[in-house]
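Use the sequences and the hints to build the structure in full.
Protein chains: 2
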Amino acid sequence: MPPTRIAILGSTGSIGQSTLDIIRRFPERFRVVALAAGCNDARLSEQVREFHPALASLAHPQAFERLQAAFPDGATALQAGEGGAAAVAAYPDADLVVSAFVGAAGLVPTLAALQAGKTVALANKETLVMAGALMTRTAAAGGARLIPIDSEHSAIFQCLAGQRRADVRRLYLTASGGPFRTADRATLANVSVEQALAHPVWRMGPKVTIDSATLMNKGFEAIEARWLFDISPEQIKILIHPQCRVHSMVEFVDGAILAQVGAPDMRGPIAYALAYPERLDLGFLALPERDFSGWEFASPDPSLFPCADLAFEALADGPGSPAALNAANEVAVAAFLNGRLPFLGIAEVNRGVLRRARAEGLGDADSLGAVLAIDRAARQWAREIAGGFTG
Amino acid sequence: MPPTRIAILGSTGSIGQSTLDIIRRFPERFRVVALAAGCNDARLSEQVREFHPALASLAHPQAFERLQAAFPDGATALQAGEGGAAAVAAYPDADLVVSAFVGAAGLVPTLAALQAGKTVALANKETLVMAGALMTRTAAAGGARLIPIDSEHSAIFQCLAGQRRADVRRLYLTASGGPFRTADRATLANVSVEQALAHPVWRMGPKVTIDSATLMNKGFEAIEARWLFDISPEQIKILIHPQCRVHSMVEFVDGAILAQVGAPDMRGPIAYALAYPERLDLGFLALPERDFSGWEFASPDPSLFPCADLAFEALADGPGSPAALNAANEVAVAAFLNGRLPFLGIAEVNRGVLRRARAEGLGDADSLGAVLAIDRAARQWAREIAGGFTG
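Residue numbers (this note's numbering), protein chains in the order written: chain A, 1 to 391; chain B, 1001 to 1391.
It is possible that part of the hints are untrue.
[Stated by the list, open to error] For the chain B half of the interface with chain A, some residues (derived, Cβ under 10 Å), not all of them:
#: 1; residue: 1159
#: 2; residue: 1162
#: 3; residue: 1166
#: 4; residue: 1263
#: 5; residue: 1286
#: 6; residue: 1294
#: 7; residue: 1296
#: 8; residue: 1301
#: 9; residue: 1302
[To be verified] Here are the computed distance ranges between Cβ atoms for each label pair:
#: 10; chain 1: B; residue 1: 1184; chain 2: A; residue 2: 43; range: 55 to 61 Å
#: 11; chain 1: A; residue 1: 2; chain 2: B; residue 2: 1234; range: 30 to 36 Å
#: 12; chain 1: A; residue 1: 296; chain 2: B; residue 2: 1061; range: 55 to 61 Å
#: 13; chain 1: B; residue 1: 1358; chain 2: A; residue 2: 2; range: 47 to 53 Å
#: 14; chain 1: B; residue 1: 1358; chain 2: A; residue 2: 21; range: 46 to 52 Å
Note that these hints are calculated values from the structure, not bench results. Beta carbons are placed, not taken as given, at the ideal position from N, Cα and C, and that holds for glycine.
Spelled out as structure tokens, the structure:
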């Protein structure tokens, strides 16, 4: 079997590096043909030296200049800016594109990959949160396929293998519950940034860690699941599972539930997405027996963690509302991290933006341009609402 | 789609009645064409009146005479004895045969169904415990298919759907642990029949309930799994899971585990076997949220529950040894239920028979006749060993 030729969007980030770790272990199965990163020319240079891609791209102009200086011989073609990322995304020789840029920067190249009919292993959350309808429609039109890398969606994807979609009764998205799972309202009102950044299980960037503490992250994952699995929001249920060993579950119409279980290590879902429908022998990954213990599950308290419900409200409101919610939340979390918004204010900003979107309307979300216009408007509203907080 | 035409071996027992309960709910999907029972002519008569099979069979001569008297018109053909059961098993118009006789009586008709190339939904445990190699070889030769009805094996079968067998690292067979899960040796030495019959979760017949208390049942299930899934015994691990909600699990080479979860209701696995690869909408079956709670898993203590290990020893010993172990255990459990053997004596009898089989040899197990000869010899040994206990 010829190796799968892989392009990576965001190769210097956490998911990108883990992807290369898997590829490094299976040199016969995979070949890196194109890499795109944001501004980390030092790490991208190392990756180019090790994997010899045909194309490498850096978004940041000065970092790109340093990259050019490091590789004067032209064995790897170099490109800069958004165009470079899109070229990596649609690189003709690539069979599979790993979409692992962080944030809205992932939208344009991911759309380009789907338009080019690529199989996209998706780690970028904004792709489906901001533009789920557009992305899935584009994938269907171009014969492209989306395979999730997020641990929860990979779990559901694995549970659905060999099953008929019509037989699905419900998806259970599991959530760690974050650092404030057992907190009361008074505690939440006085949460510090340091406390919010101390996630009990997963080590992630600050934005995602805060989203995990508010459960906004789980709400966004519900939006992604709605699009990835073409399922109605009423069929998605969030369950707090502090042990983080059951990564999600699918309930079928006969009452049977399939759960995917494993160590919390992103290399598992990454490897599954790269090799699907096969599995790679990851001898280093196994759930130790001590982790088969005391698995608890509970519904979140919507009065303390309203952000998850806001995601379902956004889905019900209309195609542009999830993008507005995503924008509001980015502004709100940044304000919290900068000490300008209390923890509970994050949900208030998000709620306020959804309310204003309902009052003023958002227009359609049929193109990336329209989605990005919604994003801009919602950010402005969010800044106004956040500015009204006196702390 | 035309209805699936079903023959049931053991229609008046617990699994048989639950199968008819499912069929009753989906009259467009299933049609009963043949029924076989042992001696309960009253219940079989009711079933004939309700489902109008083309053929009905009773093993017991006098019960058969009463059945004949009840249906003089010939709309349902009636047959008696072992020949009747075999005729039901190989009934030409049946697409699927439910094998739900209890005990060794299930062997001959199940083999007949496999020889006739039927899809066999298997509930009879002795089929694979006593004659796993013969049955699976026969199935392969005749293009017949075995679908498990046992909750643990159905769970594994469901977890394997859409997965490659080569990607399986391990099967986790879960066990309730029975009523003596937390008992010490002194307690086990003095267990009464009443205590042993008080299973904490599943309501089953006395023989299976005792087997559950000794973990012999789980050992037999390991033997069945070895044949059903063509997997080496070293890849099968037993896990005590007192909550009985996770019915079994499959670990893959990438470290991912799929678990099948659900209410402990045999209609789930029965419906899955009948409709495979589809699922039936069983609105009445759902795991209530309170059951998503405190799932524990632990390895059994082999010093207190040696019967599970004896099953693996029997698999290692050779093709006839599991049949000898099964026979020994039947004799030992009957002696325990009759008050002639202490609880811990069951394992001693089983161990003694395996030891004697090693010393004296068992001959081959290539035919049902050979397997039944092993069964007879082992019973004799077991009676001798059990008789040596003074209580």
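Status of the hints after comparison with the structure:
no., hint, verdict
1, 1159, "holds, 7 Å"
2, 1162, "holds, 2 Å"
3, 1166, "holds, 9 Å"
4, 1263, "holds, 6 Å"
5, 1286, "holds, 5 Å"
6, 1294, "holds, 6 Å"
7, 1296, "holds, 6 Å"
8, 1301, "violated, 14 Å"
9, 1302, "violated, 15 Å"
10, B:1184 - A:43: 55 to 61 Å, "holds, 58 Å"
11, A:2 - B:1234: 30 to 36 Å, "holds, 34 Å"
12, A:296 - B:1061: 55 to 61 Å, "holds, 57 Å"
13, B:1358 - A:2: 47 to 53 Å, "holds, 52 Å"
14, B:1358 - A:21: 46 to 52 Å, "holds, 49 Å"
When the structure is compared with the earlier hints, violations turn up for hints 8, 9 and for no others.
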